[in-house]
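> The lines below spell out each chain.
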Amino acid sequence: MADLNRRGFLAQSLAVGCSLAASPLVTPVSFAATGGDNRLVVIILRGGLDGLDLLRPPPSDTLMRLRPTLGAQASGLEITGGVQLHPGCAELWPLWEAGELAFVQAVSTPYRHKRSHFDGQDMLEAGTAELGQGRAKEGWLNRMLQHMPGAEMSTAYAIGTDPMLLSRGAAAVETWSPDVDFVLSSQGARLLALTMERDPAMRDAMARALALAGSNGGGGVVQSAGLEDMDALDEMMDAQTAPQGRDARHAHTRVAKFAAERLRDDARVACFSLGGWDTHARQARALRRPLGQLADSLLTLRSGLGAQIWGHTTVLAMTEFGRTVAENGTAGTDHGTGGAMVLAGGALRGARVLGQWPGIEEADLFERRDLMPTDDVRRYAAWAIRESFGLGRDVLENAVFPGLQMGGDLALLR
Amino acid sequence: MGFDPDIAQMRFGYGLSPVVPGPASADEMVAQLRGPDAITQRFGIPTSGAMNPKVRALYLAQRAYKRAERGSKDRHDLRATYRKALKAARVESAGWVRQALLRRIWSEDGLRERLVAFWADHFTAPGQSTFYRYAAASYVETAIRSHVAARFEDMLIAAVTHPQMLQYLDQNRSVGPNSRFAKKRQNGAGLNENLAREVLELHTLGVHGSYTQKDVREFAELLTGLTAGTGQDTRYDSKRIEPGAETVMGHTYGTRRARISDIHAALRDLARHPETARHLAQKIARHFLGDQPDAGLVMELEIRYRETDGDLGAVVEAMLRHEAAWHARAEGGGNFKQPEQFVSSALRALAVPEARFLRMDAKTFDRLILSPLRHMGQPWRRPFGPDGFAEEDAHWLSPQGMGARLQWALATPAAVAADLPDPREFIGAALGAEAPAVVHFAAKAAENRREGIALVLMSPAFQRV
Chain U
839 MADLNRRGFL AQSLAVGCSL AASPLVTPVS FAATGGDNRL VVIILRGGLD GLDLLRPPPS
899 DTLMRLRPTL GAQASGLEIT GGVQLHPGCA ELWPLWEAGE LAFVQAVSTP YRHKRSHFDG
959 QDMLEAGTAE LGQGRAKEGW LNRMLQHMPG AEMSTAYAIG TDPMLLSRGA AAVETWSPDV
1019 DFVLSSQGAR LLALTMERDP AMRDAMARAL ALAGSNGGGG VVQSAGLEDM DALDEMMDAQ
1079 TAPQGRDARH AHTRVAKFAA ERLRDDARVA CFSLGGWDTH ARQARALRRP LGQLADSLLT
1139 LRSGLGAQIW GHTTVLAMTE FGRTVAENGT AGTDHGTGGA MVLAGGALRG ARVLGQWPGI
1199 EEADLFERRD LMPTDDVRRY AAWAIRESFG LGRDVLENAV FPGLQMGGDL ALLR
Chain F
13 MGFDPDIAQM RFGYGLSPVV PGPASADEMV AQLRGPDAIT QRFGIPTSGA MNPKVRALYL
73 AQRAYKRAER GSKDRHDLRA TYRKALKAAR VESAGWVRQA LLRRIWSEDG LRERLVAFWA
133 DHFTAPGQST FYRYAAASYV ETAIRSHVAA RFEDMLIAAV THPQMLQYLD QNRSVGPNSR
193 FAKKRQNGAG LNENLAREVL ELHTLGVHGS YTQKDVREFA ELLTGLTAGT GQDTRYDSKR
253 IEPGAETVMG HTYGTRRARI SDIHAALRDL ARHPETARHL AQKIARHFLG DQPDAGLVME
313 LEIRYRETDG DLGAVVEAML RHEAAWHARA EGGGNFKQPE QFVSSALRAL AVPEARFLRM
373 DAKTFDRLIL SPLRHMGQPW RRPFGPDGFA EEDAHWLSPQ GMGARLQWAL ATPAAVAADL
433 PDPREFIGAA LGAEAPAVVH FAAKAAENRR EGIALVLMSP AFQRV
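Protein chains in written order, with the numbering used here: chain U, 839 to 1252; chain F, 13 to 477.
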């Protein structure tokens, strides 16, 4: 047993004994159809993605002057009209070629001037045209659910431990983090059910927790009859309490994987966030990790959903603001205004860069420092919702995104 | 049914302990609460007045770094100094969480610790910048802790005028539209109503209070001048003050030259407002006794609050003297513990040794305590908004919350307790004399100690008080 591999051990014991149905606590999760087949995934990129580094404009004297280190790198991933995609997105190239990836350039929320992450993210998730005084209490994704016929608890998932304003509000949204993981013997599960027998609220929440934990491959209820080495199980459970230590680098893939599993079932909407975009220094290096995580997440969604469901899926990745057009003194960029949005999914009419290019000459810039926003991110989200779930324009312009002018049809989906 | 020693600790403290004795009567609970705050001598957390030198060093290092010229050699060195200070402050502040938890584990006056948590949440002000994040523990120690058995208005003034709150609720951005400050600047300087609104809506009258938008506006104007620079004490800056008198809830303030005492007077008037008495009576009762507290008891607290001009010690005493506070713990009912109460009471039942807790490195502490609290939905003193953490049980009875509690209950006790107790004996330590037969059965039938302990901690008898 000396070189017993813990994960292998777990996998084995699960394979032998994973028997959720054996536990009286685990009742089948009820799956209700919400009508359509379309799926929507929203990813909030926290920290302010540098759109100009994601979508690199063709080399020019101005670009070289403003971005001496960042502007000089070529990726070879030319997407359109001399614009190159950041090399950190190379893994996404097949999506681009398949028409399942698109970008919006020079977009922003209506947030202006102050450039605070806190306020910027609040506005992005609240979906409002103005920053209210005090914190917003409801997110646009939740308001969308309030208007989606047949939406119920299991329709939408907020995934991860990051509290998201985006999904908060009156509509029920299931929250789950794949980092919540445990191994419990089936005997333990039976006894747990017994102690909670007369407490329905606790019993039901516990049953659903066991089902969800068991559904994403890490743990759940195991038949302990086949387990001979309890110490190994103990050791493994120690490891389990370390969501930060254990596979810390892959936390985002677990989130995406879980999202895909839910969306394959009855869920139609999922949201989560990815951090690390606030690249004030050494951006050439700093941006690789978050971009890699975004690419991983999209690819994990695609493989997890399978071709058919991916074909009904739209992913919106959006950030609170873009960054300064000029590099700062530490080879990074500071908080700006106009940024970029990433769209993905098999439902998408992709391989396009949407939006107007404002230029980066000094006169073109917002407050002489930031890329001028030429469109509102909410318009893209609104059209994606309209095309995915059929919500009416009046609902979108008044209830979901109050005060938004949706304008002409963007025809985002196939 | 009256006073019960087990219920006293489970419902009004952080649960039972196999080693620390609990109060023997309601009189003793009141006497403890009114008496000296002894546990702070043993487990110290710095107050804001004596700002911890490491947090202060952090602020100075950050300021020096930000002011240094871009690209200079100086800046490079200052950055290194700043990062070092940041690390030191992080370690230090994690230490304060440990101290707070150790108080809960080892205090004989668990009620005081519960009240500190309750009022810290009522006056939520998690920092929004690096400095204020680390200063938050001192804010609670200074503005909240010393007032939990004293007059509400003193706590209100201490909290609302504290730099931590001024930063959190944007008071530092608020200037009178006709102030000298606003006239000098063309744009960006104006009134911010955030603090005024939250004081009325959350801290005093409550969301159902009879205030209007005009009260909010005038109160915000009255509050202008209150400001604090990062790392500095609150000051009253005459340049930011909106000239003229303001009327809030029918009282007029500042008819002569503006003085900070006008703000204090307004806060005292709000504290003594009957709607504040009602709001706080209801909130206290719900926190300790569940979503639907006995109406007669709530009324009693409200009356006591009004009779004593908001003496919080007297209000708590009224609760402890009321029969309805001692109702038996019914199956399928009872107040569901919030995550930090769940974790704290489990640590107390396990009598986690002080030395073991303090020796734990920062990573382990995060893995065993802080990170699980995040998963359970209650990151340590960082609620989502100024309204604090949700009170209603339904909010906490979520699959994710229950899953995270089970995960913690299975893994952490073995990592923190001196010896993992026999589950059958642990029942007595955790649940007292009245443990349901089904928990005894489950603890005995568990396959191993670890699951046995987890079953006790997860049982409704432990989680509902």
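One should not assume that every hint holds.
With a straight-line Cα cutoff of 20 Å, these simulated SDA-like cross-link-like pairs (lysine to any residue) come out [as the list claims (entries may be wrong)]:
(1) Lys975(U) with Gln225(F)
(2) Lys975(U) with Gly218(F)
(3) Lys456(F) with Asp1116(U)
(4) Lys226(F) with Ala277(F)
(5) Lys96(F) with Glu1165(U)
(6) Lys78(F) with His1173(U)
(7) Lys952(U) with Val219(F)
(8) Lys975(U) with Glu213(F)
(9) Lys975(U) with Val219(F)
(10) Lys85(F) with Pro932(U)
(11) Lys952(U) with Lys78(F)
(12) Lys295(F) with Trp338(F)
(13) Lys952(U) with Gly345(F)
(14) Lys85(F) with His1173(U)
(15) Lys78(F) with Lys975(U)
(16) Lys975(U) with Ala194(F)
(17) Lys251(F) with Gly202(F)
(18) Lys975(U) with Pro395(F)
(19) Lys78(F) with Asn1166(U)
(20) Lys78(F) with Asp1116(U)
(21) Lys975(U) with Lys251(F)
(22) Lys85(F) with Lys952(U)
(23) Lys975(U) with Ala277(F)
(24) Lys952(U) with Lys96(F)
(25) Lys375(F) with Ala1169(U)
(26) Lys952(U) with Lys375(F)
(27) Lys975(U) with Gly202(F)
(28) Lys975(U) with Gly397(F)
(29) Lys78(F) with Ser954(U)
Per label pair, the in silico range of CB-to-CB distance [claimed, not checked]:
(30) Gly937(U) with Asp373(F): 21 to 31 Å
(31) His1118(U) with His452(F): 56 to 66 Å
(32) Pro286(F) with Gly970(U): 35 to 45 Å
(33) Thr376(F) with Asp1103(U): 31 to 41 Å
(34) Glu404(F) with Ala910(U): 52 to 62 Å
(35) Asp1000(U) with Leu370(F): 23 to 33 Å
(36) Arg1206(U) with Thr376(F): 20 to 30 Å
Just so you have them, the derived chain F footprint on chain U, three or more residues with Cβ under 8 Å [stated by the list, open to error]:
(37) 1013-1026
(38) 1036-1047
(39) 1137-1145
What the hints contain is simulated information worked out from the structure, not anything from laboratory work. Cβ coordinates follow ideal geometry from the N, Cα and C atoms, glycine included.
> All the hints need checking, so say for each whether the structure fits it.
We went through each hint and held it up to the structure:
1. Lys975(U) with Gln225(F): holds (19 Å)
2. Lys975(U) with Gly218(F): holds (17 Å)
3. Lys456(F) with Asp1116(U): Violated, at roughly 53 Å.
4. Lys226(F) with Ala277(F): holds (19 Å)
5. Lys96(F) with Glu1165(U): violated (26 Å)
6. Lys78(F) with His1173(U): holds (15 Å)
7. Lys952(U) with Val219(F): Violated, at roughly 30 Å.
8. Lys975(U) with Glu213(F): holds (14 Å)
9. Lys975(U) with Val219(F): Holds. Lys975(U) to Val219(F) sits at ~14 Å (cutoff 20 Å).
10. Lys85(F) with Pro932(U): Violated, at about 44 Å.
11. Lys952(U) with Lys78(F): Since the Cα atoms of Lys952(U) and Lys78(F) sit roughly 18 Å apart, the hinted pair holds (cutoff 20 Å).
12. Lys295(F) with Trp338(F): Cα-Cα ~18 Å, so holds.
13. Lys952(U) with Gly345(F): violated (48 Å)
14. Lys85(F) with His1173(U): violated (24 Å)
15. Lys78(F) with Lys975(U): violated (33 Å)
16. Lys975(U) with Ala194(F): Distance of about 30 Å is beyond 20 Å: violated.
17. Lys251(F) with Gly202(F): Satisfied, since the Cα-Cα distance of roughly 12 Å is no more than 20 Å.
18. Lys975(U) with Pro395(F): holds (13 Å)
19. Lys78(F) with Asn1166(U): holds (13 Å)
20. Lys78(F) with Asp1116(U): holds (17 Å)
21. Lys975(U) with Lys251(F): violated (33 Å)
22. Lys85(F) with Lys952(U): violated (29 Å)
23. Lys975(U) with Ala277(F): It is violated: about 31 Å lies between the C-alpha atoms, which goes past 20 Å.
24. Lys952(U) with Lys96(F): Since the Cα atoms of Lys952(U) and Lys96(F) sit roughly 29 Å apart, the hinted pair is violated (cutoff 20 Å).
25. Lys375(F) with Ala1169(U): The given pair, whose Cα atoms are some 31 Å apart, is violated under the 20 Å limit.
26. Lys952(U) with Lys375(F): violated (35 Å)
27. Lys975(U) with Gly202(F): violated (23 Å)
28. Lys975(U) with Gly397(F): holds (8 Å)
29. Lys78(F) with Ser954(U): holds (17 Å)
30. Gly937(U) with Asp373(F): 21 to 31 Å: Taking Cβ atoms as reference, Gly937(U) and Asp373(F) lie about 50 Å apart, which means the hint is violated.
31. His1118(U) with His452(F): 56 to 66 Å: holds (58 Å)
32. Pro286(F) with Gly970(U): 35 to 45 Å: Once the Cβ atoms are compared, 29 Å apart, the range 35 to 45 Å for Gly970(U) and Pro286(F) is violated.
33. Thr376(F) with Asp1103(U): 31 to 41 Å: holds (37 Å)
34. Glu404(F) with Ala910(U): 52 to 62 Å: Check passed, 56 Å falls within 52 to 62 Å.
35. Asp1000(U) with Leu370(F): 23 to 33 Å: holds (30 Å)
36. Arg1206(U) with Thr376(F): 20 to 30 Å: violated (50 Å)
37. 1013-1026: holds (count 12)
38. 1036-1047: It holds: at least three residues are needed, and the region 1036-1047 of chain U offers 9 whose Cβ sits within less than 8 Å of chain F.
39. 1137-1145: violated (count 0)
Comparing the model with each numbered hint stated earlier shows that hints 3, 5, 7, 10, 13, 14, 15, 16, 21, 22, 23, 24, 25, 26, 27, 30, 32, 36 and 39 do not hold.
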